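> Each chain, letter by letter, is given below.
Number of protein chains: 2
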Amino acid sequence: MSKIPVMELFGPTIQGEGMVIGRKTMFVRTAGCDYQCAWCDSAFTWNGLESDKVHQMEPAEVLDELVRLGEDKFNHVTITGGNPALIGKPMADFVRLCHQRGYEVGLETQGSRMQEWFYEIDQLTLSPKPPSSMMKTDFDTLDSIVNLLQERGVDFSLKIAVQDDADLNYAREVFGRYPDVREKFLQPVNNRANDSGDISAYLLNRLLWLFEVAIQDADFNDVRVLPQLHAMVWSNERER
Amino acid sequence: MSKIPVMELFGPTIQGEGMVIGRKTMFVRTAGCDYQCAWCDSAFTWNGLESDKVHQMEPAEVLDELVRLGEDKFNHVTITGGNPALIGKPMADFVRLCHQRGYEVGLETQGSRMQEWFYEIDQLTLSPKPPSSMMKTDFDTLDSIVNLLQERGVDFSLKIAVQDDADLNYAREVFGRYPDVREKFLQPVNNRANDSGDISAYLLNRLLWLFEVAIQDADFNDVRVLPQLHAMVWSNERER
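These protein sequence lines map, in sequence, to chains A and B.
Under the working numbering, think of the first position of the first sequence as 1, with each following residue one higher.
Under the working numbering, think of the first position of the second sequence as 1, with each following residue one higher.
Worth double-checking, as some hints may not be accurate.
Unchecked claim - Listed next, the in silico SDA-like pairs over lysine to any residue satisfying Cα-Cα at most 25 Å (straight line):
1. A:73 x B:54
2. B:89 x B:54
3. B:73 x A:168
Said to hold, decoys possible - The following residues of chain A were derived to be distant from chain B, with all beta-carbon distances above 10 Å:
4. 36
5. 127
6. 150
7. 178
These are calculated hints, taken from the structure and not from any lab test.
It should be emphasised that the depicted structure is a prediction, and the values quoted were computed from it without experimental measurement.
All C-beta atoms in this analysis are idealised placements derived from N, C-alpha and C, irrespective of residue type, glycine included.
Given these sequences and hints, build the entire structure.
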């Protein structure tokens, strides 16, 4: 396969979460996932309902389309999915093309698969999924990815979306398992990803809950608690 | 003077803005300011209405009080004001004591005064004030502070609160003047700092405005647009 299965290309918009929160970026959302999280906010990437919208694109075509959309109004690209880590050489080529143009590249992936091109990513986030997702973490795989990244000196972050107490226990376990990771994030799950109305009050309420949890818990002293700002501002509007 | 004029000590809470947004921290808010910004959200530090609440405290007393309040539930301290840069040796001593206990220390200051202890700060934010504040930036002083920090390799950030188009022009000027600063932030002014009700909808609306401005403007490609999360979640509640 020499092409990238693209679900959406959009931007410029603002990265609403994680280690580059607030940064202007273009999004490349790939189709296909090895997970099916119960509360996935991008289930259309894997549930088949929009499979007719997937475009198989050459890496250079993806870049051309980003430049057409964003002109000179960006210098950062975020790769997300679905799980972009399912894609090998075409994504490696795309990342190289972005860097040749002077763009930084961020990646979000759950840590279930490794790719050589992870080493080239400027802001890499591993986001293992907690019990409420109904997915099961393969810790042998996650350990090996973390080890490989740390051996190469990649400055990645861990981000865990949490919904309930079992998820918080999972977050403690994961953060405790990898104490040398410099940046760790907790983020409230958006459990209203299918709601077409204004979900900002709901999201602020969930952020308040998570702030209060973190404040009381010494296990989360060096964790950063952040919302999904894009969902606060634009609710579930697509391509934001 | 061997003491620190303390207006408030509080926490643990969540740092709601800037380069350590989302991080759990304790706040040390000093009394006194060389500025009187029109929309200052902490005017009680300088307008005299709460001057009877100022405590002159030894650096070790401040630390003891933080530990009493936060126990083992923090490892980060934020120094803010007022303008903490008005304070010399007592603050240098306080920063050293924090580091001896293993706490990181963040500072927010407008860049109108320099102190030697700035070099010891883990996350330093210079926040020069735009025209809507009614203050006038002394660029000779700001230049010299930026130069000193850069010569010493301090990884500081610039953060500019903006309310209108004149403020955006000011932000372009400041960011353009210091192109080598790695992290630059834009933040909507909270112009309802004296409102006792829920200001979250107002703040989200201002964030949306600033997102849209940044998205359209190539001058802000590498700027991060962030809100004041504490004000979204807790409105203007004190000691949050």
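> All hints are to be evaluated individually against the structure, with a verdict given for each.
Comparing the hints with the structure gives:
A threshold of 25 Å between alpha carbons decides the hint, and for residue 73 of chain A with residue 54 of chain B the separation of about 47 Å lies outside it, so the pair is violated. Distance check on the hinted pair: residue 89 of chain B and residue 54 of chain B sit about 19 Å apart at the alpha-carbon level, within 25 Å; holds. Restraint check: the Cα-Cα separation between residue 73 of chain B and residue 168 of chain A comes to about 16 Å, which is no more than 25 Å; the hinted pair holds. Separation of residue 36 of chain A from chain B is adequate, the least Cβ-Cβ distance of about 28 Å exceeding the 10 Å criterion.
Residue-level check passed: residue 127 of chain A sits 15 Å from the nearest beta carbon of chain B, beyond 10 Å. With a cut of 10 Å on Cβ distances, residue 150 of chain A stays outside the contact zone with chain B, its closest approach being about 21 Å. With 10 Å as the threshold on Cβ separation, the claim that residue 178 of chain A sits away from chain B holds: the shortest Cβ distance comes to roughly 17 Å.
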